[in-house]
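Student: Each protein sequence line maps, in turn, to chains A and B. Take the first sequence: its position 238, counted from the start at 1, is 238 in my numbering, and no numbers get skipped. Take the second sequence: its position 272, counted from the start at 1, is 272 in my numbering, and no numbers get skipped.
It should be emphasised that the hints constitute simulated quantities derived from the structure, not laboratory data. For clarity, every value in this text was computed on a predicted model and none was experimentally measured. Keep in mind that a hint or two might mislead.
Note that identical chains are pooled: a pair holds if it fits in a single copy or bridges any two copies.
Below, in silico cross-link-like pairs of lysine to any residue (SDA-like), each with a Cα-Cα straight-line distance of 25 angstroms or less [claimed, not checked]:
1. Lys-290 with Pro-221
2. Lys-239 with Gln-271
3. Lys-239 with Gln-39
4. Lys-222 with Gly-208
5. Lys-239 with Ser-259
6. Lys-290 with Leu-251
7. Lys-222 with Ala-207
8. Lys-141 with Ala-207
9. Lys-36 with Gln-294
10. Lys-125 with Ala-207
11. Lys-141 with Leu-203
12. Lys-103 with Val-291
13. Lys-103 with Asp-198
14. Lys-125 with Leu-203
15. Lys-22 with Ala-52
16. Lys-103 with Gly-196
17. Lys-290 with Gly-162
18. Lys-156 with Ala-207
19. Lys-290 with Asn-252
20. Lys-156 with Asn-218
21. Lys-36 with Leu-112
22. Lys-125 with Lys-222
23. Lys-141 with Gly-208
24. Lys-103 with Gln-294
25. Lys-290 with Thr-33
Read off the chains here:
Number of protein chains: 2
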Amino acid sequence: MNRIGFIGLGTMGMPMAGNLLKAGYDVTVYNRTREKSAQLAEQGAQVAETPAEAVRNSDVVWTMLTADAAVHEVIFGDNGVATAARRGLIVIDSSTVSPTTSKDLAERLEELGVDFLDAPVAGSKPQATAGVLTFMVGGPKATFDACQPLFSVMGKNAYYMGENGAGSYTKLANNTMGAINLLAMTESLMMAVKSGIDPELFLQVVAGGGARSGMAENRGPKVLRRDFQANFASRLMLKDLGLAQRLAADLNMPVPVLSVVKEMLQTTVSQGYGDEDACAVVKCYEGWLKVTAQGHSQT
Amino acid sequence: MNRIGFIGLGTMGMPMAGNLLKAGYDVTVYNRTREKSAQLAEQGAQVAETPAEAVRNSDVVWTMLTADAAVHEVIFGDNGVATAARRGLIVIDSSTVSPTTSKDLAERLEELGVDFLDAPVAGSKPQATAGVLTFMVGGPKATFDACQPLFSVMGKNAYYMGENGAGSYTKLANNTMGAINLLAMTESLMMAVKSGIDPELFLQVVAGGGARSGMAENRGPKVLRRDFQANFASRLMLKDLGLAQRLAADLNMPVPVLSVVKEMLQTTVSQGYGDEDACAVVKCYEGWLKVTAQGHSQT
Numbered sequence: 001m002n003r004i005g006f007i008g009l010g011t012m013g014m015p016m017a018g019n020l021l022k023a024g025y026d027v028t029v030y031n032r033t034r035e036k037s038a039q040l041a042e043q044g045a046q047v048a049e050t051p052a053e054a055v056r057n058s059d060v061v062w063t064m065l066t067a068d069a070a071v072h073e074v075i076f077g078d079n080g081v082a083t084a085a086r087r088g089l090i091v092i093d094s095s096t097v098s099p100t101t102s103k104d105l106a107e108r109l110e111e112l113g114v115d116f117l118d119a120p121v122a123g124s125k126p127q128a129t130a131g132v133l134t135f136m137v138g139g140p141k142a143t144f145d146a147c148q149p150l151f152s153v154m155g156k157n158a159y160y161m162g163e164n165g166a167g168s169y170t171k172l173a174n175n176t177m178g179a180i181n182l183l184a185m186t187e188s189l190m191m192a193v194k195s196g197i198d199p200e201l202f203l204q205v206v207a208g209g210g211a212r213s214g215m216a217e218n219r220g221p222k223v224l225r226r227d228f229q230a231n232f233a234s235r236l237m238l239k240d241l242g243l244a245q246r247l248a249a250d251l252n253m254p255v256p257v258l259s260v261v262k263e264m265l266q267t268t269v270s271q272g273y274g275d276e277d278a279c280a281v282v283k284c285y286e287g288w289l290k291v292t293a294q295g296h297s298q299t
Numbered sequence: 001m002n003r004i005g006f007i008g009l010g011t012m013g014m015p016m017a018g019n020l021l022k023a024g025y026d027v028t029v030y031n032r033t034r035e036k037s038a039q040l041a042e043q044g045a046q047v048a049e050t051p052a053e054a055v056r057n058s059d060v061v062w063t064m065l066t067a068d069a070a071v072h073e074v075i076f077g078d079n080g081v082a083t084a085a086r087r088g089l090i091v092i093d094s095s096t097v098s099p100t101t102s103k104d105l106a107e108r109l110e111e112l113g114v115d116f117l118d119a120p121v122a123g124s125k126p127q128a129t130a131g132v133l134t135f136m137v138g139g140p141k142a143t144f145d146a147c148q149p150l151f152s153v154m155g156k157n158a159y160y161m162g163e164n165g166a167g168s169y170t171k172l173a174n175n176t177m178g179a180i181n182l183l184a185m186t187e188s189l190m191m192a193v194k195s196g197i198d199p200e201l202f203l204q205v206v207a208g209g210g211a212r213s214g215m216a217e218n219r220g221p222k223v224l225r226r227d228f229q230a231n232f233a234s235r236l237m238l239k240d241l242g243l244a245q246r247l248a249a250d251l252n253m254p255v256p257v258l259s260v261v262k263e264m265l266q267t268t269v270s271q272g273y274g275d276e277d278a279c280a281v282v283k284c285y286e287g288w289l290k291v292t293a294q295g296h297s298q299t
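If we strip away everything but chain A, and leave its shape as in the complex, we get (with noise of 0.2 angstroms):
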């Protein structure tokens, strides 16, 4: 189990290889954009050309990609991990997709042999960087055991959720919450600015209190810093919504709430904030009053 194939090199798998490597494990790195393979080979990562030469020097592969689409292209794709599985390769996919993604992604590997866990992650560019990630684990729970090694050299916790697709289930209902609590965040904040509350107290006076959220901590000095990087980026978030309303109806349950968050990330993503992180969201409301979270009216 020292032999990674590491496949998505983006916001998330980057840190999260070069933790990998960092940790001595012997890492080979694909991904679609050469360059950030590259980055990685200066640090002693082998890059391969395809998702299947990964694998053939691998004893797990570790997928980090952005959407279901594009991680069953790469497992069941030309070239793609399943063209070079082999009995006893583990796949792990830590990327967030639908649960039925992950429980038909574990179904069809079974049928080779391979061994699969989605593995989401809760925590976003920083937490990957220092390596406490949050992993939730759904699959066979001896390959979650195997695994454990791995899971704490690029994360802090992880928790094993159930069978396959429990990973999945529990990071959309996770990521709802957090994207509700950024909304319950964005739209107090602008309340209290459009009062006339300095906006930093007010950030101060509800860390205190009942109303404290991860969000607010987070994202909210990132807001009033005027800092729209992305952690995080809209568009992503707009996409997993998009995952946990879907699941919302697949469980026949009606999720008022987050469908209307939904539509405010939506706004985000077609004012052309798509690439930003999620916080950007304050930029609608900022639009509608006239205002900026800073209390400032807009030029």
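Once you have looked at the hints, place chain B on chain A.
Tutor: Frame of chain A, contents of chain B only:
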């Protein structure tokens, strides 16, 4: 400043007045229902027959009531605070009311030579009992400074937010954040449960990541042990969200997320859970889904 009149001995007022007594203040209490005053009399409080009587022996009069109309009545009604007011008296209102009410009270009391602070609190019954509330205060800065010893008996923090009304503005924005966070927890918890995820494990997972919130920490376990005793009654959260929504309208500000969350609290009250804790909103989802937050099917 050692003689305090305390008016309103509800869920919050009772422990707040109790803490003033324990700290050695000379407290005269008034409550519409006499039995509650009797409880505090056993702890050494004087009992007044009218609000005016509570004023006569006091340097500071504190009000903790449930709505704008009750505050107006207690201060400006028959035998109200104003009828016994004298130059130098300080009136502090910790009720959650509209900022317009706070500003109006301040103006009318100023004409009588009385200083007024709007000083609503973050925290519910447990924090009131432990004396660790957070006060958000609007009014004359010198009066705020003079009252610091009183705030520190009942709270861990008192923030000076600005002139009269600023305390109430902050409080409504704070409660908006808290209420939306409560629904974030509720909707995502039910999504996880309906997906077959263990609810206790789910709360543990989210507590360690960016989706964490005070509401998930405080109300999540309360929901799981089916404890709906009110720390903060759903009818009072509904009332506060109504005030927040009217504030937003006054500010000419769209609040799509607050609005849908308010409807969920309205649903909670309509279903007969108005006197239960606001976390009883989960029962609306449970009714829709025919499942409880523990994952058991409802009979």
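Student: None of the hints should be skipped; say for each whether it holds.
Tutor: Do the hints match the structure? See the list:
no.	hint	in the structure
1	Lys-290 with Pro-221	within (20 angstroms within a copy, 41 angstroms between copies)
2	Lys-239 with Gln-271	within (16 angstroms within a copy, 34 angstroms between copies)
3	Lys-239 with Gln-39	neither (28 angstroms within a copy, 56 angstroms between copies)
4	Lys-222 with Gly-208	both (18 angstroms within a copy, 20 angstroms between copies)
5	Lys-239 with Ser-259	both (13 angstroms within a copy, 24 angstroms between copies)
6	Lys-290 with Leu-251	between (40 angstroms within a copy, 12 angstroms between copies)
7	Lys-222 with Ala-207	both (15 angstroms within a copy, 21 angstroms between copies)
8	Lys-141 with Ala-207	between (38 angstroms within a copy, 23 angstroms between copies)
9	Lys-36 with Gln-294	neither (37 angstroms within a copy, 45 angstroms between copies)
10	Lys-125 with Ala-207	both (23 angstroms within a copy, 18 angstroms between copies)
11	Lys-141 with Leu-203	between (42 angstroms within a copy, 21 angstroms between copies)
12	Lys-103 with Val-291	between (46 angstroms within a copy, 24 angstroms between copies)
13	Lys-103 with Asp-198	between (49 angstroms within a copy, 18 angstroms between copies)
14	Lys-125 with Leu-203	both (23 angstroms within a copy, 23 angstroms between copies)
15	Lys-22 with Ala-52	within (24 angstroms within a copy, 73 angstroms between copies)
16	Lys-103 with Gly-196	between (51 angstroms within a copy, 14 angstroms between copies)
17	Lys-290 with Gly-162	between (48 angstroms within a copy, 23 angstroms between copies)
18	Lys-156 with Ala-207	both (24 angstroms within a copy, 13 angstroms between copies)
19	Lys-290 with Asn-252	between (40 angstroms within a copy, 11 angstroms between copies)
20	Lys-156 with Asn-218	both (18 angstroms within a copy, 23 angstroms between copies)
21	Lys-36 with Leu-112	neither (30 angstroms within a copy, 72 angstroms between copies)
22	Lys-125 with Lys-222	within (14 angstroms within a copy, 33 angstroms between copies)
23	Lys-141 with Gly-208	between (39 angstroms within a copy, 22 angstroms between copies)
24	Lys-103 with Gln-294	between (46 angstroms within a copy, 24 angstroms between copies)
25	Lys-290 with Thr-33	neither (40 angstroms within a copy, 48 angstroms between copies)
The structure is inconsistent with the numbered hints 3, 9, 21 and 25, although it conforms to all the rest.
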